[in-house]
Each structure stands twice: as structure tokens, then as C-alpha cells.
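Undergrad: Starting from the known structure of chain A, arrange chains B, C and D on it as the hints suggest.
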Amino acid sequence: MADIIKLGLFLMLVAAVAGLGVGYVNNVASPLIEKQILKEKIDSFKEVYPGADKVENESAAYLKSDADPALKEINIAYKNGKQSGVLYLVQSKGYSGLITILAGFDISTHKITAIKVLSQSETPGLGDKAKEPKFQDRYRGKNAATALEVVKTEPLKEHQIQAITASTITSKAVTKGVNAAREHFGRTFVDAKTN
Amino acid sequence: MQEYFIIIISAVLVNNIVLSQFLGICPFLGVSKKLTASLGMGGAVSFVLVLSGSITWLLQQYVLNPFKIGYMQTVAFILVIAALVQFVEMVMRKFTPPLYKALGIYLPLITTNCAVLGVAIINIQKDLSFTKALVNSLGHSAGFTLALVLMSGIRERLEEADIPESMQGAPIALVVAALMSMAFLGFSGLL
Amino acid sequence: MNLMQEFTKGIIKENPLFRLMLGTCPALAITTSVENGLGMGAAFTGVLLASNIVISLMRSIIPASVRIPAYVVIIASFVTMTDQLMHAFTPGVYKSLGIFIPLIVVNCIILGRAEAFASRNSVVPSIVDALGMGLGFTIALVMVCTFREVLGSGTFLGIQLLPEGIPAILMILPPGGFITLGCLLGFLNKMQKKYAL
Amino acid sequence: MLVAVISLAVMGGIFGIVLGIAGKKFAVEVDPRVEELISLMPGANCGACGKAGCAAFAEAVVAGEANPKLCTPGGASLYEKIAAVMGTDAGSYEERKTARLLCQGGFEQAKMLYEYQGVHDCHLALANFKGPKACNFGCIRMGNCFRVCPFGAIEMGADGLPVVDPYKCTGCNKCVVECPQQILELVGVSHLVTVRCLNLEKGKTARDICTTACIKCKLCEKNCPEDAVHVEPRSFGSVAVVDYSLCTNCGICAAKCPTKAIQITEQIDENVVREMGTPEDASPEPGCGSCSVCAG
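Residue numbers (the numbering used here), protein chains in the order written: chain A, 480 to 674; chain B, 1411 to 1601; chain C, 24 to 220; chain D, 597 to 892.
Just so you know, the hints here were simulated from the structure itself, not pulled from any lab data.
One or more of the hints may lead you astray.
Stated by the list, open to error - Calculated pairs, BS3-like style, for lysine-lysine (alpha carbon to alpha carbon, straight line, at most 27 Å):
#, chain 1, residue 1, chain 2, residue 2
1, C, Lys213, A, Lys655
2, A, Lys525, A, Lys655
3, B, Lys1443, C, Lys213
4, B, Lys1478, A, Lys572
5, B, Lys1504, D, Lys620
6, A, Lys651, A, Lys525
7, C, Lys118, A, Lys610
8, A, Lys595, A, Lys631
9, A, Lys651, C, Lys118
10, A, Lys520, A, Lys631
11, C, Lys213, B, Lys1511
12, A, Lys551, B, Lys1536
13, A, Lys543, A, Lys621
14, A, Lys533, A, Lys608
15, A, Lys533, A, Lys572
Pulled out of the complex, with its shape left as it was, chain A reads as follows:
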């Protein structure tokens, strides 16, 4: 009976020490990691929507409960005090996990300024080509009114996006996310302006 207790204690000790180590490292590291993520976000905001004075996270105002669940965050970009762009943080299910995308729209031109894949866990060498500018630039300047569609060959019409070779599932997932943001942008920003 005694050695059972000894075993239990030993494993408890090892687990406790491991927990201590990981916990302490986490405490030291997590604030830095937050800072990292925030900095990355700011950089990606600039990349997707250049020239904004400041970007406010206004999900509370615009992200209503009935909105598409894929939309995680809505940020508004201001230029000299006026709302000039909308940045959607949207998630969609890719080939082997969730893909987070940042899609920027310009309110005045109703066009997609750019998109950027923030995080993905697609198969290395295949799906993860989604994060390369070569693919992301294909969304630049697309009109927000028409739904985007993925094609395998050379895109003929304006609203078509060419898929990454051998990873159509990932390309479709990214496009689905961008479409979700596009619809929300169309409903809240474009219609509100026109009528």
C-alpha cells in the first residue's frame, strides 16, 4: 500500500513541477504574446487599409446577434475624423482547421481594398500558400456588390477568383469568409448610404 502512495506522490510532484514551469513561463510570456498579436493586428490593418489615422474596434455597434457567426470583429478605419473604411475579422473552416482572414473595404468606392490571412493551419506547402501575397492580391479591388466565386482556371469575369493549385478547399474557404464580410458590408454600409 505504501508504494502506491509513493507512486501517486511522485507523479503528483512531477506534474506539479511541470505545471509550475509552464504556468510561470506563461505568466511571463502571455503579456508579451498579447502585445505581439496586437502589433501584428495593427500592421495587418495598415497593410489591408493603408492611410487610416486610427482604427476603432466597433464590433459592439455593428456586430448584431443575427449577423453571420463567421464574422468575429468589425473595425472602422477613420481618415481625418470621417469613417472611410471597414475592416472585417472573419473565420471560415478550411481543409484542416479554422482560417482567420482580415478583409478591408473602402466605404466610398465600395471596393475590397485588400485581404490578409492572419492565421491558418492548412497543410504546409499546399493550403498554406493562401497566406502568400500572390493569392491574396487576387481579391484586391474587387467590387463589394457581387458575390465572389472560385474558379480553377484563368478568371474570365470580374468577380471570379483563381484557386490555388491543388488546394481548392482552402481557396473556397477564404472566399466564403470574404463573401460573408462583403454581404455584411453591403447591408450595413452601402445600402445605408444609398437609400
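TA: Relative to chain A, chains B, C and D alone:
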């Protein structure tokens, strides 16, 4: 009921844990020489996989999430799996010693078996409900055993085939695995 | 036990990937580009070194019947710690290595070496063994990566070698990994028979 | 952070205790003597003892199911060691046996009936008029024993007859079972004198069939001081046979035999380390001679 069926089909065929997700290759190549050993291995891994799938899900739901210690996920999951494997090892040594000898080093290596931890993490990533996670683990363990049994069936017939000397053993097993995973690619359009 | 022999055995005689057939899961999954292979090799060697040292230090006090859970907890905590530290302090390196570090937990070599070597020898041989194994694994990974990257995406370390149309995408898909490793093993067996390495 | 430590510690504790209890309940006691015997065994896993390898043989010996003498590769030295470990008395020990060919009808000696061009298999050649050789009892020289020997102990000699290497032969009896002519026999290594002929024809016909056949002249019988060799009647005729319980290896009969049918083999050196000649392509399992005796 319909989603469960889809989950099982996707786990066994579409993204088979071994042939399309690349997890659990070490035992897959190591043990699949004889059919009996691979059935034993399939059974042991299924037992560990289903149990760890459920325990890790409960752990995540009632310990990791409420206390916001998500970063402990890997360490906690691995501890659960290791304890389970040790338990299975003792049970097998007591009740089925020949199978225990046949599996040899590959039994403790189930702990680091990517498939077991992989399924545990997939259950959380896809935030499945408890029953769905259980069904998913069952599906993946069936997929693992299916791949293992198919492989050992082929490899037993390979013994007679005259393969160039340097390709015998693991190399030819890998080439066969390549062909099998190509075949399983065919299922990817299913779901 | 001369240390030099311990070191070189990890590279050729007991190469973890080619000889012991361990660590095939991460090897097949990430060897689609040479820089992935190098990244994985570096991260792997770091964690193996740390865990070998700690396990060989504790080898006398670990009771036999709970040895595996103990080893595994140590390895997993090292992996999580390195993951966090790199994410916080070296974001640049983390950007390229980040994806591989969680994969290391399920790498059979580390537990294999811990069980087979570190738990039986003192610290210095364990360190040498870890370095040898790490180097051997990295070399093996890079060999597989070169084949898959050159044949699969026509580039080597990003430099475009083959014209766009030529490369066989299959080599990057899972079957490609299997075939490359299989043929490489066959070729090495042939070499081993001829020169009796 | 504290929560992390506590939760992991609690989990570690629970698993430690569960494993401890499981360890106690499922304890499998292993007899220490088994390990000791396994280390003594030659480790050839040749299956001559009828068990699946040395480990199985050691367990059987400890459990008292197997007779320690069965391990032919181990020979006398192993027998004493097992007796010492098991605490039993060494007692009489059956001698190590190797296969011997009872025929000397090579290309020059034996007359040929026809030239056989069929499949190189003793059973098939035998079906065609008892084989190409005039002698119906002699070795057919198609090499089945050579192919079936799991230890590479048999080589086909220059004159077409199989040559058994006593150092490699473990006496596993596979070649004796395989040979359709029953021309191979397991003989104790200490008995050196063998009548290397089984031809039962009468002297005159035997003489012109094969130059080294036994012509039943009974010279050996007359000159043997121990009366150990006799021409004994058999189904179709008779041939000289040595009675090993009486024979003292004096060799007088071999000297007297006009056709040199009786031969003396050289004494093998017991303490030559008996290296196991397991051919590389015998079987994938290292050390297993794949003589499939263990498979039953």
C-alpha cells in the same frame, strides 16, 4: 443521427488518421508485419483513443476552459494518454502475454502516437459535443485499425513476392502505404 | 563508451528516421520544403537536448512503473515552454518555426531516446546522444525535403529551379512523402550493403 | 497560474495512484530462473527443441514441461548449466547427433541408367525408374536435403553427393524427413564408423552397379573384435550394419572392407565454438532457422 454517420464516414474514409492526416505512422509501419499483431495494436489504440477522447474532452470542458488555462492543454492531454497507455500495458501483460510480446516496444510508443493526441486535439478544435467527440474518436480508431489491417494483409503477401533485396522490409511497406494513401485520396471528394 | 562514437552513431548507424524508423509522422507531414525541414530539425534538437538532460538527471529517482507518464510530462512541458518563450521573445524565428513546435510533442524519437538511452546513461552521454540524434534527424529531414520540394514545387529553398509547369504536385501530397521516404530507405540499404557503413 | 499547478498536480496524483493499484493488481510474477536460462541459451532459436525459440524453451524447462537435453545446439555443456540452475542432477546425457549420408555413389562410382533432365527434385527423379542411378537405394543427388536444411549445414559436393558439415548440423532431422530414399541418418558424433551404403542387392549385382557398394562378403563381420557389425537381412536383401552400442571405433572393418563401403569420419572438436550457419535468406526473423518445427 445523420451527423454521427457523417462523422464516422469522414473519420474512417475521408480524412483517415493515418493515410491522409499522416498521424500514427510509426506503429503503422512497425507493427503491421503480422495480422494478429496489427489487430492487437488496433484494439489497444482504439481502446486508448476512445477513452482518451472522452477524458480529454471532459478535462477541457470542466478544467481547462473554466480556469482559463488553455495553454496546459498539451501537457494535460499527454498525461492522460500516458497514464491510459500504461494501464493498457499492464492489462495486456497480465491477460494476453503473447500479444504483449508481439507488440513489444510499439505499446509504450502509443503514448507519443500522433493519432491519439491528434484526435484528442481535433475533438477540441472542431468544438464537438461530448457524444460527437466520442463518435469521432471511435471513427478515427476504426480508421486506424482499418489502415493497419489492410497494410498487414498486404505485407504478409509481400513476404512471398520477390522484391529486390534492398527494398525489402520498411521501404516496400512505405511504397505500399503511398499507393494506399493515393487510393484514400479518392475519398476526399465524398464529403 | 567513447563520446565521439555515441555522436556519430546517431547520424548513420542509428539514424532515427532511416534506421530506427521513428519520427516518421512529423517527417512525412512537414517535409514539403527544405526550410520547413531545417526549422523542424532545429526545434526538435533543442527539445530533445533539454529533455534528455533532465531525464538522465532524474533517472535514479523515477520509479519504474510510472516512468512513461513522468517522461511524457517532462517532454510536453518543455515543448510548451519553448513554444511560449519563442513566441514571446523571438517572434521572427517563431514565425517560421511556430507551426512545428506542437508537432514535436508527438515525435516518437524523444520518448524513444528517453526510454532507450537517457534513462540508462549519465548526463554527458545523453547530451552527446541528443545532439547526434538531432543532427541525424535534421540531415534525414533535409534529404527528404530536397526530393519533395524539387520534384513537388520545382523550387529549392525558394529558388525556382524547374519551370512552372513541370513539378508533380503529387510529391507534396501525402503519397509523395511515403514514396520519397520509401525509395530513400531502399537506396540507403543498397549503399549500406555495398559499403557496409 | 496557481490553478494550473494544482490541477496538474491533482491529475498527476490520481493517475499515479491508479497506476500503482493497477500495478499491484495485475502484477505478473516472472520466475527469475527463466531470465537466467535465457541468457545461458545459445540463442539460435533453431526450434530443434520443438519450442518456439530459446525463451519459450527456457520457460518450458522451468515449468518442467521440456527435457533440457532437447537443446541439441547447446549440447552437453548447456545441459550441465541448466542442471546447475535448476538444481537437478546432470544424469546421463543423450549425445549430440548429426546427419550422415549412407551413400558414396558419386559420378565415377555409380553406373547411370539414363541421363535425367527433369526437374531437380529427388521425389520427382525417384518416380522415373527409381532415379537415374542404376542403384535403386542410393542417393539421387537432386539436392532436396541441401535446399531444406535451415542451417546451411549441407553443401552439394563435387561428385554430386551432399556433404554434411558436422559443426553446423544441429540434428534437427529436417533433411532425414525430407529425403525420399531415407539415405540420411542421424548418428551420434562419437560414433565414427558408418557403413556408407544401403544397397540390398546380392553381392554380384551390387558390385557392378556401384564400385563402393556393400557386397555382403561378411569380412567385416568376421574380423570385428566386438562383434559389432553384421550383415543383416532386410526386406529385399541384406546389408552390413554397425551396432553403435558395441562399436569401439577401432576401424578394423573399414580396413578389411574390399569396396571401402565402411568409412571412418574424423572426430569433431567439441569445444570448437559451434557457430550457427543460418543462411541470410533463411527467414526475416533474426536468429530463426525457420525449420518450422515450432509451428507444429
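Undergrad: Would you pick out the hints that fail for this structure and give their numbers low to high?
TA: 1, 10, 11, 14, 15
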